[in-house]
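S.K.: If you want the building blocks of each chain, they are given just below.
There are 2 protein chains.
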Amino acid sequence: MPNYTAPVEDMMFLFDKLRNNKNYNEIEKYKEVNSELVKDILVEAAKINENLILPLAKSGDENPTILENGVVRTPPGYKEAYKKYTDDGWTSLSCDPKYGGQGMPKTVSGFFDEMLSSASLSFKLYSELSIGAYNCIKHHATDELKNKYLPKIVEGKWSGTMCLTEPVCGTDLGLLKTKALEQSDATYKISGQKIFITSGDHDLTENIIHLVIARASDSPAGTKGISLFLVPKFKVNEDGSIGQRNGISTGSIESKMGIKGSATCVLNFDEAIGYMIGPKNKGLSSMFTMMNLERIVVGIQGLGISEIAYQNSLSYAKERKQGKTNYSKSENGADYIIEHADIRKSLLNMKSIIEGERALCFWLSQQTEVSLNHPNNEIRQEASDLVSLMTPVVKSMFTDMGMEITSDAMQIHGGYGYTKDQGIEQLYRDNRITPIYEGTNSVQAADLVFRKLSNKNGNIINKYLDLVKAECNIDIDGIKPFVDDLNKYLETLKIFTSWIEIGMKDKKDDVSAACNDYLKILGLVATAHAWIKVLEVSFQDYENNKDFYEDKIQTAHFYFKRVLPRIDSHFKAATTGSDYIMNFKFN
Amino acid sequence: MPNYTAPVEDMMFLFDKLRNNKNYNEIEKYKEVNSELVKDILVEAAKINENLILPLAKSGDENPTILENGVVRTPPGYKEAYKKYTDDGWTSLSCDPKYGGQGMPKTVSGFFDEMLSSASLSFKLYSELSIGAYNCIKHHATDELKNKYLPKIVEGKWSGTMCLTEPVCGTDLGLLKTKALEQSDATYKISGQKIFITSGDHDLTENIIHLVIARASDSPAGTKGISLFLVPKFKVNEDGSIGQRNGISTGSIESKMGIKGSATCVLNFDEAIGYMIGPKNKGLSSMFTMMNLERIVVGIQGLGISEIAYQNSLSYAKERKQGKTNYSKSENGADYIIEHADIRKSLLNMKSIIEGERALCFWLSQQTEVSLNHPNNEIRQEASDLVSLMTPVVKSMFTDMGMEITSDAMQIHGGYGYTKDQGIEQLYRDNRITPIYEGTNSVQAADLVFRKLSNKNGNIINKYLDLVKAECNIDIDGIKPFVDDLNKYLETLKIFTSWIEIGMKDKKDDVSAACNDYLKILGLVATAHAWIKVLEVSFQDYENNKDFYEDKIQTAHFYFKRVLPRIDSHFKAATTGSDYIMNFKFN
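For the record, the sequence lines run as chains A and B. Under the numbering used here, the first sequence has 336 at position 336, and the numbering climbs by one with no breaks. Under the numbering used here, the second sequence has 31 at position 31, and the numbering climbs by one with no breaks.
Just so you know, nobody snuck in bad clues.
In silico DSSO-like pairs for lysine-lysine, Cα to Cα no more than 27 angstroms straight-line: (1) A:K329 - B:K508; (2) A:K480 - A:K22; (3) A:K585 - B:K318; (4) B:K420 - A:K177; (5) B:K488 - A:K488; (6) B:K282 - A:K321; (7) B:K456 - B:K469; (8) A:K47 - A:K318; (9) A:K146 - A:K282.
Between beta-carbon pairs, the in silico distance windows are: (10) A:N25 - B:G333: 43 to 53 angstroms; (11) B:S252 - A:V43: 38 to 48 angstroms; (12) B:P279 - A:K324: 19 to 29 angstroms.
Calculated directly from the structure, the hints in this document are not laboratory data. Built from N, CA and C at the ideal position, the CB exists for glycine as well.
Isolated chain A, as found in the complex (with noise of 0.2 angstroms):
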């Protein structure tokens, strides 16, 4: 089994040296959250994931969740962990007090999804589409049903879900067929398949409220007559108790290469009884604010699952001796693998990747909580936008470079990465969801290219550059070349992003093929600039702290030597054109 320990300290230096966006500091309710305070919570997180929920990754993975007569059973200890978690509050951590949440911020929570990810993903999951559910139900349900359903929630007694594929429709939800006809109560009969449904059915809650996309009987076809739907597993009665079982079965459990402690299910609605959520035919833009949140947290699974891939590497390269190194000084039998240039070259790559994404994410994670907190308008609104331009770049490059870092984790490893005894295999199968479930990585890089770049606010791509570019005009000597390497590589996404406009206009193949390239350019390039802002502080600050600044500055060295100059290849490869592409014929 892997080992485990919370990054604390980095993420402590990013919550005391880094919360630096004005925006994000003049949120009135969160003032009071403090270093001291937020330390206290790592510290007890950590624990809870180190101890606790570490070891049910092991135990989902070789006892997968399986239906049995129509119930869905969890892996052996999934039911105790999730009561003490519960107990623990940690399922009301970033939710509204309001409905019973302790009201912290991403900059905080977003540190517990990444320990959470790294200890099981797993059994992440089936807490993890509860906060989805109860963002999409506090911003678009009724006050009877927010009422109703969102301490419940909150508290973990009940999880949620989002139903939304079908067999025919992933990625276009469109051609979606579930319907809903409405009573005469304005309640809809809901009625139809929906398919790889994240904790879809368990045992670990007494309810299980899903928020389900389906055409109401007089809506237009297309993604025009969508509407959303809350569609509890059990009804509840006028009290809040739990009431009859509604008219959902699980048809079966998905059998998946990796995050086998997780349920996937395939949900049969008969009738089920369910209340609309928000405007009519607006299903898909309600579902979307949920969706939205969630598509970082996937990226911050990559990110998690990454941090304990590292670590293990690094111990194993501590321990494996192997081969002499070029400048041995051993006089008898191998070096540790540690001092081999390639695998200190690896490790460093890990390293480099998995701090400058979590000082990212930090970042993001301050824009978010603007986006949706702060008083001013504007202010939330600009804030907004470059929220939306990261989300399918954090989505993405996080869980591709989580398939990079957990491979490498397996080669440092050689045939015992390979083998289920050491738990790294486990890593990689798990991960390699990421990259493909709230959308795969090529549906975020269209949503990138066709819609984030620019919007009704004007272009978002250029203010983005231009805030990029001003926060690098840092007056300090040992920043300088980093700062130009960044600066060459800015250059070349302008010419790119100009490349991009061009060919919306009459070459929209040519973007199309171009958008992964393109997704990953600028993921390298906001790594980049993340770490522009960890250097400034190193430097800064650096006679208080000087082993771990250092650290920062080599790790940042390294990034910006080897990691960065992967920008060259994609621009080069990206901006020759589709024709040959679209005029192939494939036999």
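Let chain A serve as the given structure and place chain B on it in line with the hints.
M.R.: Leaving out everything else, chain B in the frame of chain A:
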């Protein structure tokens, strides 16, 4: 279950049109191996792989090989299939007629290796190491041992293994602890533990012939005291019949991420009787005879798995509708995903890599045969040097690309790619061993850079680059843009090679930290070279098979525009030195 159609047309194209190595064509014994004969073989090979062996992949994954009361049992169907497979003579394809083989060159058996890898890697491994053992015994053992063991191995009644790895030594064989104690009759008693032994025990053959490296009691420490022994599972009587069980037991079998139908064994040798093969203390060099040929076959495994992943991605993309394309003509509903630019790009990426690799492999097969069988010493040596140079490249590049391609196949399949039903995730898991075994890809990169670029015969890499340059000097207009691209990257590779040569003097860690990138660049260039040779025929012979050649030209176009530019980033990152990597203080 994935479908598979053996790419016989592409293989026959290579055999008919690119079998143009003058030295290869001078090998007397292969002059009878003509197009008709090979076509017949490939058609039969396609049948057995498509119909009999392909279904074993799923069976082996769902019912892994088990160890039961000391006996290893292969998955359901393996025994029956193995019988048919040996009855039809497929184990003997490349073996010497003197021992009952069919004497086919690697230009033919390589195609069979690819098909078998596509159909079921787990099943393949039971006979693959037999060929390795066959080669090793044939080159190094006494006539007595050869006559006693080879015919049974060729026939497939007995199988073979390579027993190298021990708990503390994988990459670093000098650390091995297995002992060999000489007996008065010149046999040895072998004692020790070997791990990760592929096909180390199973129920498919009457006997298993282990080739074991061990240290004779009077041999020195380190790699210079290692000898090679033939150690049969059952002793063999004078008349060739099976005798008593030898002192070998199976301690356990590994539970692995993939290739679950293959038995990966811990073998305990307890005074097992063995026979020394080749000179005492020269065991590693004898073992490397088989190891090097085996490494090329591992590369071919990656190619074979890539091919089946591509075929299934292509057919899925033609069946699955999702989303509208940029210039959709569909009036209601979605377009087939094969019409989307990004999916087309992904498919062409796979195809252009696969077909380039297959052509490179065919080129290498001819060189290998020249190195083994040409009557002229000098020509043999020159070919051998090129084979040595390309062996780590083919092993690493093809297996890494296999991961990229099986991963892209999962992305194309979306959620269905991650579930067990379609079998795509199994390809990904099965292929994941290939960058690890037979020396990790990093070990290959170090081998390439530190041992293969130059040797006692001089500067091999420059000879190779000159050969590529000379062969690309083709006076055909259509080829010019391709050659121009390649020449630019040949120049990059030359500069990188000089940089490596300089580093070898006093910056060896720079070289170590750059070797993976160097291997990748050389692989990309070698594949481009193979493509140029394909293009030469395609342009010259265009009128005779327009559709086929147009497909080749357009596929090559993709490779040169979108794949080859990966070189830029590798070169830039790799040549930044290693001081900042070596001086880093890992916590």
